[in-house]
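Undergrad: Sequence:
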Amino acid sequence: MFKRVFAALLSGVSGVGVHVWGGVEVRSCANYRSFRTPGLPGRCSSGCREEGRIPVAVPPKPRRGSRWEHAHRLLARMKSPAHRCRDIERRAGYLGPEHCAPPPPLPQSDAMWFIRDGCGIVCGAITWLLVLYAEFVVVFVMLLPSNNVVYSVLNGVVFNGLAFLALASHFRAMCTDPGAVPKGNATKEFIESLQLKPGQVVYKCPKCCSIKPDRAHHCSVCKRCIRKMDHHCPWVNNCVGENNQKYFVLFTMYIALISLHALVMVACHFVFCFEQDWTKCSSLSPPATVILLILLCFEGLLFLIFTAVMFGTQVHSICTDETGIEQLKKEERRWVKKSRWMNMKVVFGHPFSIAWLSPFATPDHGKADPYQYVV
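Heads up: the sequence shown is residues -15 to -1, 1 to 360, going by mature numbering (1 follows the signal peptide of the UniProt record, and there is no 0).
Hints are supplied without guarantee of correctness; some may be wrong.
Below, simulated EDC-like cross-link-like pairs (lysine to aspartate or glutamate); rule was C-alpha separation at most 16 Å, straight line [what the hints assert, rightly or not]:
#1 Lys323 with Asp306
#2 Lys330 with Glu307
#3 Lys322 with Glu311
#4 Lys322 with Asp199
#5 Lys330 with Asp349
#6 Lys322 with Glu307
#7 Lys208 with Asp102
#8 Lys315 with Asp199
#9 Lys330 with Asp306
#10 Lys322 with Asp306
#11 Lys314 with Asp199
#12 Lys323 with Glu307
What follows is a set of in silico ranges between Cβ atoms, one per label pair, in the way DEER data are often shown [what the hints assert, rightly or not]:
#13 Leu313 with Pro271: 45 to 53 Å
#14 Ala346 with Gly297: 18 to 26 Å
#15 Val321 with Gly297: 24 to 32 Å
#16 Val321 with His301: 17 to 25 Å
#17 Val124 with Val186: 53 to 61 Å
#18 Val275 with Gly146: 25 to 33 Å
#19 Ile276 with Ala340: 36 to 44 Å
#20 Val142 with Asp262: 25 to 33 Å
#21 Val135 with Phe259: 19 to 27 Å
#22 Lys168 with Ile279: 47 to 55 Å
#23 Trp320 with Leu115: 36 to 44 Å
Hint data in this document are derived by calculation from the structure and do not stem from the laboratory. Glycine residues also receive a C-beta, built at the ideal position from the N, C-alpha and C atoms.
Just need the whole structure built from these sequences, with the hints factored in.
TA: In structure tokens form, the structure reads like this:
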């Protein structure tokens, strides 16, 4: 009997187990894990079979001082997410509703989301510093010393307005939940609440121990499964997913616009300074002015190319309704194909309005897609 108990314990570590939670078949192994609702009575790992509810075989706790106690303690100390998930799978069959933890609540739209990643925080701070540097050069080196008031006011309003929208879009993209799946919601009650039909399958991520919707991928930096994850961008210190893709697209668009605007103003300022005296072009010395303008020109050209390419890539991804990860992995399309205009409205909100260009307007995605499919 002890051999059977020890084998049952080890099957949760390295083997493939088939258990049932209230009629929902659970398939689990080290690399693959799914829940299935069979049409016929199933069979658990110990071979038991009965009509309707099939219990999960839970190994009893060994007696104190027995030779199996040491093995039981070793297995209990395993703290990886995969082993914790297997432990939940084995014991959920005997836990009542009052003992099982309910699924964690969905994150509120006004809740602050921030990823504590050193590289992402540094890249985000560099982004703000580069935009503020461009602000300094444009305002204090080119616009304020100019004698043309109309030229200074017009370009100052346009450039500062675009820079403000770019920083606001960056903040929203960085501090908005990209569509994280609730962590640790792989519980018996949550699976039963899905009301799965025979043949429907939902997957469980072994890393964050959550029900993994279709088109969701696990991010190793955020340590969460993200719905419709496109990629993880260190410049916004966040994943680009279902809920913040609009803000990321606006961020790339506004950065490209202010970069182009800065390049045009730098070219005009150089022409004006060559025709006039350099001492009248800026309040700074001519060498300092030239160095600042060259650095701004290099920054604007670099970010114009980078953000313009990213903007075009994101718009193409939205129109084709295929994320960057899905394109790289060449995943089979299992979702309903929609028109390009409908895909744009899904990301930016319904209906089309000036709010599409505002980082302060939260898009209305409509009813959430359950992201389940039949195999």
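Undergrad: Which earlier hints turn out false for this structure, listed by number in ascending order?
TA: none
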